[in-house]
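Could you put together the complete structure from these sequences and hints?
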Amino acid sequence: MLARLAGARRRVRAVDPRPTAQPAGGWAVVTVDRPPNEVLPGGRWPEPLRRLGRAVQVDVWPAPADRGTELAARIRPGTTLPGLAAHVAGDHPDRVVRAALRQAKQLAETGEVLRADRSPIDRGPAG
Amino acid sequence: MRALCWANAGQVAVRQVPDPELRNGHDAIVRVRLSATCGGDLPLLAGLAPHLADGDILGHEFLGEVVAVGPQVSRHRVGDRVVVSSTVACGSCWQCRSGAPWCCDNGNLAPEASELAYGHPVPGAFGRPTAAGGFAGGHAEYVRVPYADVGAYGIPDAVSDERALFAADAAPAGWLAAELGGVQPGAVVAVWGAGAVGQLTARAASLLGADRVIIMDPQVDRLRMARRHTDAETVDPRHTDILAELRERTGGRGPDICVEAVGPAWDGRPRSLTERFTGAAERPPAVREAVHACRKGGTVVVLGEFTGHVDAFPLGAVGAKGLRVRGARQHGAGQVPTLLERMARDELRTEYLATHRLPLEEGARGYALFRDRRDGCVRTVFSPELPSAE
Ligand SMILES: [Zn+2]
Ligand SMILES: [Zn+2]
Chain A
0 MLARLAGARR
10 RVRAVDPRPT
20 AQPAGGWAVV
30 TVDRPPNEVL
40 PGGRWPEPLR
50 RLGRAVQVDV
60 WPAPADRGTE
70 LAARIRPGTT
80 LPGLAAHVAG
90 DHPDRVVRAA
100 LRQAKQLAET
110 GEVLRADRSP
120 IDRGPAG
Chain B
0 MRALCWANAG
10 QVAVRQVPDP
20 ELRNGHDAIV
30 RVRLSATCGG
40 DLPLLAGLAP
50 HLADGDILGH
60 EFLGEVVAVG
70 PQVSRHRVGD
80 RVVVSSTVAC
90 GSCWQCRSGA
100 PWCCDNGNLA
110 PEASELAYGH
120 PVPGAFGRPT
130 AAGGFAGGHA
140 EYVRVPYADV
150 GAYGIPDAVS
160 DERALFAADA
170 APAGWLAAEL
180 GGVQPGAVVA
190 VWGAGAVGQL
200 TARAASLLGA
210 DRVIIMDPQV
220 DRLRMARRHT
230 DAETVDPRHT
240 DILAELRERT
250 GGRGPDICVE
260 AVGPAWDGRP
270 RSLTERFTGA
280 AERPPAVREA
290 VHACRKGGTV
300 VVLGEFTGHV
310 DAFPLGAVGA
320 KGLRVRGARQ
330 HGAGQVPTLL
340 ERMARDELRT
350 EYLATHRLPL
360 EEGARGYALF
370 RDRRDGCVRT
380 VFSPELPSAE
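Top line first, the protein sequences correspond to chains A and B.
Per numbering that gives the first Met the number 0, residue 0 is the first one in the first sequence, and the count goes up by one each step.
Per numbering that gives the first Met the number 0, residue 0 is the first one in the second sequence, and the count goes up by one each step.
Just so you know, nobody snuck in bad clues.
Here are a few chain B residues that sit away from chain A, every Cβ distance over 12 Å (derived from the structure):
#1 N7
#2 A12
#3 D79
#4 P284
#5 G318
#6 V324
#7 R344
#8 D345
#9 P358
#10 A363
#11 L368
#12 D374
Which chain B residues face chain A? A few, computed with CB under 10 Å, are given here:
#13 P19
#14 R22
#15 G90
#16 Q94
#17 R96
#18 D104
#19 P120
In case anyone wonders, no lab produced these hints; they're calculated from the structure.
Bear in mind that the values here come from a model prediction, so they are computed numbers and not experimental data.
C-beta atoms are modelled at their ideal positions from N, C-alpha and C, and glycine is treated no differently.
Shown next as C-alpha cells:
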C-alpha cells in the first residue's frame, strides 16, 4: 500500500475537455470530504477498492483547504482486473476504477453506497 | 402500485408497477397524497435529452405520509406527513456541508451520464430519466426517498397539503433565485414567467424587502393571478416593448436582478428523431431579454431547466455590463423548514397555484392542460387517492 499522506500533489496537467478521457498517468481521482485517516483507516483500502485486489494502485493525499482527501487509483501497468468486477461496470477497466472510487467516496461520506431500485424483472409480478 | 409512467411514442400512461422497496439505510418510503406537474417535465415529455425510457415514473414534486423508514433514518417515523425536495442530496459531502446541496456529489445513480453532458456529476431528481441518474417519481401511490433525513421535511399541522406541496420545488426555487440574486431592501427585481415558480420568485423578492417587483408573461390570467397573490406589477409582453418598459420603470437603470423563470422556448411539438440525434439547440428568448434588460453590474438568475445547449446567448453584454449570471436547480435543504414556517404563518400562500386536481389516471389530460395553459391551468395536481372517472 502506497499511502502518501504528505502534502505532495501531482503536477497539474493540461486538461482534456472530455471528462472520461484518461490523464497521462492513468490515475482517476475523487475528493473525499473526510481526513486521510478516515478514507484509508489504518492504511486499509475501502471495500470497493479492495474488491479490485492487486490489479490497482491506490494513493491518497490531503486536498487543499477544508476539502478532505484526494483519493486516487489506477490500474497497475501490465495487469488486468478481476473478471467479475470488470463485467459488472461494462467491461471497461477505467470505468470500473472510477466507479470504485465513487463508491469509496460515498461510503466514507454517507456510510453506504447509493443503490438503484431493483428492476421489475428481478422482483417478479407487480404487487 | 399504480404509477404514471412515460410510455414509448411520447405517451404517458398509468401502469401497474412493483411497489418501491427500501434499498439503503437512509431511505424512506412515502405514500403519496398529492403530486404536481412542473415546467421542468415538459422538455422531457417532448423527447428532449436526457431521454426518458419506457416505464420511467414521472413527477418530482410530491408530498405524502411516511410508511417505512430505513435503520439510518432518524428525523422521520412512520405516519409523519412530509414534503420531499425534488432533487436528491446526501447532506454529508463537501458541497452539501458548504450550503450548496444542489451541487451534491452523491445524489446521482448514473454519474457518468451527467459527466458527459455537464462535465461533472450533478444531483439526480425524482421523475427524471433513470439513464441520467434520476429516481422513480412521485406521480405514483408510493415513492422511495433516498437520504430521507436530508430530502424530506415534516409539515406543520397548520399547513394544508395543497399549500405544502409547493415546498417540494416551486417555492424553494423562487426563494433560491431571490437569494442568489442578492435581493435586499430597495432592490428592483424583474421576473420573466408568471408560472408557479415565477410567482413564488416574485413573492420571495417581496418578502426579502424588494422595492419593486415586475413580472412578465403573455398569459393574461397568470398576470391577473400574480397581481392578486403577489405584490408584483405586471407587464404583458404582447403589447409592450419589454426592454423599453423596464428601462422606463427603473429610471433608465434597468432592474438590479433579472430572473428567468420560463425555460426553453418549446413549441409543444415532439422532437423528430433527427433533432434528438443532432441535439438541436434550444432558444432562450427570456434569457436574452434578461441579459439586455439587467442594469450594469446586476445579476441574472437562470431558473428555467435548459437541458442542453442554447443558441444566441448575448455573451458580449455579460462582459460589457459586468453582469453576474447565476443558475441553480434548487434543493430544499436549509430553505424548506423556513418556508414551511412562513406557510404556517400565512405569509406564503401557494395553494391557489393548484388550479386543476385530477386522478392519476387522467395524467395525459392533466399534462396537456398544463402544457397548453388551457382553462387557466397553472399547475395540475394529481392525487392517487382520487377515484378515476371510469
Ligand atoms: Zn418542479
Ligand atoms: Zn451531498
